[in-house]
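Mind docking chain B with the ligands on chain A? Use the hints.
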Amino acid sequence: MHRLILAAAPGWLPPRASEGAGKVDSIFMLILGITTAFFVIIVVAATYFTIRYRARKWTAPQPSPSHHLKLELVWSIIPTILLVAIFGVSTKAWLASADAGTTEAATTVYVTGQQWKWQFEYQGGKRSDELHLLLNEPVDLVLSSPDVLHSFYVPAFRIKQDVVPGRFTRMHVTPTEAGNFPIFCAEYCGNDHSIMQTQVVIHADQASYDAWKNEKIDESIPLVKVGELLFQKNCQSCHSLDGTRKVGPTFKGLWGSTQTMEGGEAVTVDENFVRESIVEPKKRIVQGYPPAMPPQSLGEREMQGIIEYIRSVK
Amino acid sequence: MVAATRTAELHQGHEETSTHDNYLTHAHGWRSWIFSLDHKRIGIMYLCAILISLLLGGVFALVIRLHLWTPEGALVSNHTYNNLFTLHGAVMIFLFIIPGIPAALGNFVLPMQLGAKDLAFPRLNLLSFYLYCIGAVLFLGVLLASGIDTGWTLYPPYSLEGSRGLGVLLALTGTFIVGFSSILTGLNFMATVHSMRPKAMGWFDMPLFLWALFATGIIQVVATPVLGITVALGFLERLFHLGIFMPEYGGDPVLFQHFFWFYSHPAVYVMILPAMGIVSEVVSVFSRKPIFGYRFIAMSSIAIAVVGFLVWGHHMFTSGQSKWTNIIFSFLTFFVAVPSAIKVFNWLATMYKGDIRLKTPMVYVLGFFGLFGVGGLTGIFLGSLATDVALHDTYFVVAHFHFVMVGSVLTAFLAGLHYWWPKITGKMYDERWARVAAILVMVGFFITFLPQFLSGLQGMPRRYATYLPEFKPLHQLSTIGAIVLASGMFLDAWVLWVSLRRGKAAPANPWGAASLEWATPSPPTHHNFDETPPITGPYNYDVLEEVSEEAGWVRNDGWNP
Ligand code: HEM
Ligand SMILES: [Cu+2]
Ligand SMILES: [Cu+2]
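Protein chains in written order, with our numbering: chain A, 24 to 337; chain B, 3 to 563.
This is chain B alone, in the form it adopts within the complex:
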């Protein structure tokens, strides 16, 4: 895709070089990409890597769903099935959804929303991209070569037994290297927000996407090292039999679960906070209204980041941990749900009396409200002890986390991708087909995952390669939904591909957004801004006027890029 962007750009370039020199035409040749320190080019490289992971994880998912067409398993052996769901979960979580929004879109947008030329540490940024690649290759290589079948949760003693154990530890080392890249990205983002904000932009003048990335940075920096500690303890256990996780040496497997979820629960907020940031931007821009309750949304990101560290035990209600531990974790879990609920009301209030335009990003965001609604609200069934003891480790949980991770994070990612696409590529895409794709994706999603709540309620355990015949209709519905979902994704890929090849040139500000990344040409110049644009507030739409569909929106105070 990188090459495609470039060739497309070169074609276009002949007619357009007269207008401006941009970051895509600024330098040529593959070296100018892989050694680039430009946050925009690094963002694009991340975007490609992440889309490849998404494709890979998606293919695994389709094979899984097709296999479950019949109760006895239609396609593969139990062992292969176990490999597949491990690969699917691990690739989607560690390689796609955790780094997805921050590393790809965040990298591109964050400095521009600050009116800055780049991140605080551009070299560190390139390093973190390479760490991501090295970690991903190691991780995938080990998973494929050793056929790990433990599930992404890697619970010992199963995961650390025999030769499987060393493979698991090597794969975990891979994830920690990927994790290290998120630590560096998080640090870089926090440092940039602190030190490169223009004087005129106070903390509460920042776009909410920046607040979200800032809060995400905190989690990445605090939580990810625990992953490293867990790997180190795992190696010590395997090599020196210290008795940490393995009962045969006197260790406790439940301890591993604490370590794992102490990282992995905050990691779910690494996924959802940036997604919420995108929703805040998009809902405001396409309602043409300042976001409702700005301060609350900003502070709730931070609150979620902090309280999110205190609820990991809700994944272990049936692990045999003490009664009081369960009660306290259940209580705290209910408290993280509050800020999320309020954010939804804030977004809805933003639409009230707005001037709502149903462009593709907004279509995704409307879907997000429904999907996040279901995902978040079903979290309450799982946070409540009496019901979780029944629902834990069934398809109900599978449906819950797909609603929040795929339903919400993936749709927000797609909203963001379509929202910033004109800025990134300088091209518009076909609105009509992009909306059709969006609707297919979301309808397919509902058909895939709503039935799983029901089968989970009826007792269908997760990670089953074969199942009792009474679950068959619900499983088949899920498989059909998955096919619809996949066709939506492929349609969207095609729409974006066509846009790259022969999309109309995008104006600097096609949506009428007030944050600073739109106060630079599309695509931006190498240095983003020749001078810092005057700061008018991220959601102040009074200063903008629409000229025409082609020319987009311009400021009426006379300042334009």
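Same shape as in the complex, but just chain A:
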């Protein structure tokens, strides 16, 4: 089997970036070979018979048996054997990747899929919305969802795993190729399912991984600037600055104003309300808006920054 594993993926397959991907491809090629052979047999036989036995005025069907036990046994048994073989090879490869996570000591990354973004949290407290991994370092991904079904799909790993609300699912992978590869949501999850994409960044060496892991928002930049950066990254898709209505209310003139919540309660927008809106958005919903805001966990300085920023948007 192993000799079949190709070095680099041919152009019509996505790049391969994990240990398992090469195996999946070699099984794919095996099945492709067998099925192509069958397909060719079907097409050639159908074409040949059509031409050879095409009715002419003077022909009549020639006598031929209407069943033939030996022939029928042959064409029942050969496909059966081939199918059992494919089943065996494929299941073995799949088990190898499914079992790997339980035996090896691997680092763990918690993956949250929610409408419509991915969030990754690493051991040691780091968070990101792109998945950062280290080359050749096995990793366990523990997936969960606060809302609906999603599916975490990395074509370069040839793996996907559904993300099921109410339980954890897991996935194990060892990256073998440095670079950036797309991540898709593969299970339909509502309106913006098709933009629920991000990427996995595989660092070539520990130094580059550490550099990313230790990168912090520079203490010297002013709070408003921290807030602005954060806004552009995490809030802009739903909140505007100029008064237009997007998914959520605009930030223009928000600070200090009085807002009516679902249920009629009137709230003045201050530090605590903004914090609550970010950490627990579903607790109080602004009247006339869908409960679509994802909860976010921000560092203290980032929280202060976003408050400063909202205050500055007049």
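I should point out that these hints are in silico values taken from the structure, not numbers from a laboratory.
Hints are not guaranteed to be accurate.
Derived DSBU-like pairs (lysine-lysine); straight-line CA-CA distance at most 30 Å [claimed, not checked]:
| hint | chain 1 | residue 1 | chain 2 | residue 2 |
| --- | --- | --- | --- | --- |
| 1 | A | Lys149 | A | Lys248 |
| 2 | B | Lys474 | A | Lys140 |
| 3 | B | Lys474 | A | Lys269 |
| 4 | B | Lys355 | A | Lys93 |
| 5 | A | Lys256 | A | Lys149 |
| 6 | B | Lys474 | A | Lys256 |
| 7 | A | Lys337 | A | Lys236 |
| 8 | B | Lys325 | A | Lys115 |
| 9 | A | Lys236 | A | Lys248 |
| 10 | A | Lys256 | A | Lys269 |
| 11 | A | Lys305 | A | Lys337 |
| 12 | B | Lys325 | A | Lys140 |
| 13 | A | Lys306 | A | Lys269 |
| 14 | B | Lys119 | B | Lys474 |
In this text, all values refer to a predicted model and were calculated from it rather than measured experimentally.
Frame of chain A; chain B with the ligands shown alone:
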């Protein structure tokens, strides 16, 4: 179309009443249709309803394909796109392809292939037609009114959230009513095959289309109630928060997937078995050879019906179900593939040393071999765990099931429609243009769906309203194919329309087929048969001789309708 058939028939009728009184001229006025207990008229009403569904689903499909012309989406908003693919899938599956062959063609042909006057329960048959209509109207009404955007698979928790949930449950109630109509049709078919077979016709003297409909009946009766149970559980969950499917009440969304596929996987065999039945008939008749390996084909229909109940879990390999569950479902999936493969060899062997005539139905069936070949063989990639984990929920799956559902079932439906058309309408159609249409449909099909295997392999997920630019060329090819496919369908509709208006009168047996529906005039009389014709075996062509193109084939034992 009903009206058209009738007016056409009336025009024609003046010259032809002298020959015979047929089921179309037997009674007049719209009441004679909507209250008719005649399986042939009910079959025609079904045919019209089903063709309307096909047209509707097809229009949605075209809008979807046009929207995907550009990566950012050319036509509609994400939300509308999500509505469209839901409508397209739901209409095509629940209203067209599941009831299609059995309810429309099966209804018309089954009693006649048995030499019977009608189904065992004609009133039940009319009831099931009305249930279909009521269910379809409810279903479509709810889908359109509430803008459901869940996909035809309706996975919770998304599908049961908030106000969407009630809409989804109402729509599901609609599908269950449609489903109830298939239960009744299935029961009716099984009872008819059991009780109305002539004495001289043993089980193994039946045409294979009957075996296929019988096996389909078993699935319809056993699987469809699960759909009803699922709806009931959904309502209980929504109204009383019992904690069945929704995690927020302590339920498990994966449980819903089990229920859904326990019905929906067997449902794919409700689609393909009757299609295979048509192929068996057509390939034998147009090769003028008894079908090769009759008993095997007959029994494999039953085997597929039974084993088909044991493989639903192959839709859930990535759902997080246990390792052993995955392995067992994968293993069983490989086993359903075997009988399907063997059937293909049997059909090919039937052509060997035959006298092959490339009439339109046979052209469709030759296409079927290629299309079902691709569809069935790509099922193996999906049944195999290592590859499915990569391919699941990508365009590869979309291509696979379109090859089996559209490529195979739709072409078989069209083969059957053209095969029985002269019997149903009493008219011949223009062979040349019908063949052109057939080829356009199939070429268009390949152009539409072959590229989707590639984009799926490259990682393109399904149900995306917008996509990464690198998939653009493949998507555009698909869209072009869809336009070719649609033009083939419209050309064919035109050919059939012209045939209704001014087609040549069809002889009783234009193709030289030996099964009993051809031993009655075209169109058949109200009671099908005045006396049961002598039974010579469904594939015994020795008793038939061709008189001429116009007069068709007659029996040489002196018995003719
Ligand atoms: C001949 C052997 C066949 C095999 C081995 C096979 C195998 C499979 C497998 C494993 C899947 C799940 C793929 C996934 O979601 O990842 C699948 C999907 C599907 N198959 Fe097949 N299949 C076969 C024939 C058919 C036939 C005859 C039909 C219908 C006429 C059919 C209709 C479908 C549909 C509708 C889906 C996907 C439904 C969805 O996810 O929306 N298949 N098939
Ligand atoms: Cu999604
Ligand atoms: Cu299935």
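Hints, verified against the model:
no. : hint                : verdict
1   : A:Lys149 - A:Lys248 : 21 Å, holds
2   : B:Lys474 - A:Lys140 : 23 Å, holds
3   : B:Lys474 - A:Lys269 : 29 Å, holds
4   : B:Lys355 - A:Lys93  : 19 Å, holds
5   : A:Lys256 - A:Lys149 : 17 Å, holds
6   : B:Lys474 - A:Lys256 : 27 Å, holds
7   : A:Lys337 - A:Lys236 : 35 Å, violated
8   : B:Lys325 - A:Lys115 : 12 Å, holds
9   : A:Lys236 - A:Lys248 : 21 Å, holds
10  : A:Lys256 - A:Lys269 : 16 Å, holds
11  : A:Lys305 - A:Lys337 : 26 Å, holds
12  : B:Lys325 - A:Lys140 : 28 Å, holds
13  : A:Lys306 - A:Lys269 : 20 Å, holds
14  : B:Lys119 - B:Lys474 : 56 Å, violated
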